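Visitor: Residue numbers (the working numbering), protein chains in the order written: chain W, 1 to 191; chain X, 192 to 382.
Any given hint could be a false lead.
Said to hold, decoys possible - Using 25 Å as the maximum straight-line C-alpha spacing, the simulated BS3-like pairs for lysine-lysine come out as follows:
1) X:LYS380 to X:LYS336
2) W:LYS160 to W:LYS60
3) X:LYS336 to X:LYS377
4) X:LYS351 to X:LYS336
5) X:LYS251 to W:LYS189
6) X:LYS380 to W:LYS60
Calculated directly from the structure, the hints in this document are not laboratory data.
Just so it is clear, the structure is predicted and the values come from calculations on it, not from any experiment.
So you can see what is in the structure, the chains are spelled out below.
2 protein chains.
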Amino acid sequence: MMERVSGRRGRVPAPDDERPATSAPHRVILGIDPSLRGTGYGVIRLGNTGPELLAQGVLKCPREWNRSQCLVRINRELQSLVSQWQPTVCVVEGLFYAQNLRTAIVMGEARGAGLAAVGSAGLEVYEIAPRRVKQAIVGHGGAAKIAVAKMVQRLLGLPKTPEPDAADALALALTFVHEQGRCSPKALKRI
Amino acid sequence: MMERVSGRRGRVPAPDDERPATSAPHRVILGIDPSLRGTGYGVIRLGNTGPELLAQGVLKCPREWNRSQCLVRINRELQSLVSQWQPTVCVVEGLFYAQNLRTAIVMGEARGAGLAAVGSAGLEVYEIAPRRVKQAIVGHGGAAKIAVAKMVQRLLGLPKTPEPDAADALALALTFVHEQGRCSPKALKRI
Chain W
1 MMERVSGRRG
11 RVPAPDDERP
21 ATSAPHRVIL
31 GIDPSLRGTG
41 YGVIRLGNTG
51 PELLAQGVLK
61 CPREWNRSQC
71 LVRINRELQS
81 LVSQWQPTVC
91 VVEGLFYAQN
101 LRTAIVMGEA
111 RGAGLAAVGS
121 AGLEVYEIAP
131 RRVKQAIVGH
141 GGAAKIAVAK
151 MVQRLLGLPK
161 TPEPDAADAL
171 ALALTFVHEQ
181 GRCSPKALKR
191 I
Chain X
192 MMERVSGRRG
202 RVPAPDDERP
212 ATSAPHRVIL
222 GIDPSLRGTG
232 YGVIRLGNTG
242 PELLAQGVLK
252 CPREWNRSQC
262 LVRINRELQS
272 LVSQWQPTVC
282 VVEGLFYAQN
292 LRTAIVMGEA
302 RGAGLAAVGS
312 AGLEVYEIAP
322 RRVKQAIVGH
332 GGAAKIAVAK
342 MVQRLLGLPK
352 TPEPDAADAL
362 ALALTFVHEQ
372 GRCSPKALKR
382 I
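Based on the provided sequences and hints, a complete structural model is requested.
Guide: As structure tokens, this is what we get:
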């Protein structure tokens, strides 16, 4: 994985690169793991020596906040992250588990508030299935959350393991880097 | 219903009305029925002779649009509706039916994109259960969609029956008017 996401295999466009702009790799990538009370985010840059961390964290909304207040916060904070770091692509989880319809709707609302923000700023948006993320980061699709977080820490050379939601978001961004380097990036679904 | 939503029962604040601003009734109400490809909306004003239509319609997004494009459209169009008509409250459906988790997430995304827009503009947001809407508009909770639409047409004196999604949104707004006139508006859940 370290090598696959390192950017050493000719993905840095030379000044005279003839490829149209649309085929150039994304170099600043935002991963998000939206949920009403704790949206994880991670921004990485594809540097010459591999991916580097720009920002990561969890947008927390206290239990006593109304749902609509949380949605406003998710939307605004993502707008401000995009404006600060200027990513050109956003990655979220694809098909995922929800306990019931109610939970699915609330998770969907958090996603919608976030995706409206990044979409409005012109970012391309992709989904990657959680299994593919674990496979790309740890090597097998059934990996535990903590194993993903530890590997994210290692890949980005972080002094400590990120919070679980932030680690998931960073794992999405790292997997995107991996996938965009492949000839046929099957795991990426543009949404 | 006509009389209950007519505003004739002392809800028009007199200039010397001593009630704090927070207890004043909302006079311009936005109802929304969000869905990815066809979000219904309706704006009504509580006039001296009852509720009047300000705007209604369905925000359609073609099948070939990406999901994130639709979310951006929903978000922007609602922002612009709010800015044009200046409603102070937004009403959406509460617990509703979805065929499966996937559908629930996609419906949730549309809701989140919409609610982030109205919430950012400072509107209060309420949910009303679909059954309560049918009960308030038609008189029984199991009413057919067309019966709701026909009654919405009658209550607002419209020349023709609104499209189903717009009718649902208008029905939400009318039910809100009805509920805010009650001593204990149990059907309203602030979210």
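Visitor: Could you run down the list of hints and mark each one as holding or not?
Guide: Hint-by-hint comparison with the structure:
no. : hint                 : result
1   : X:LYS380 to X:LYS336 : 23 Å, holds
2   : W:LYS160 to W:LYS60  : 20 Å, holds
3   : X:LYS336 to X:LYS377 : 23 Å, holds
4   : X:LYS351 to X:LYS336 : 15 Å, holds
5   : X:LYS251 to W:LYS189 : 23 Å, holds
6   : X:LYS380 to W:LYS60  : 23 Å, holds
Checked against the numbered hints above, the structure violates none of them.
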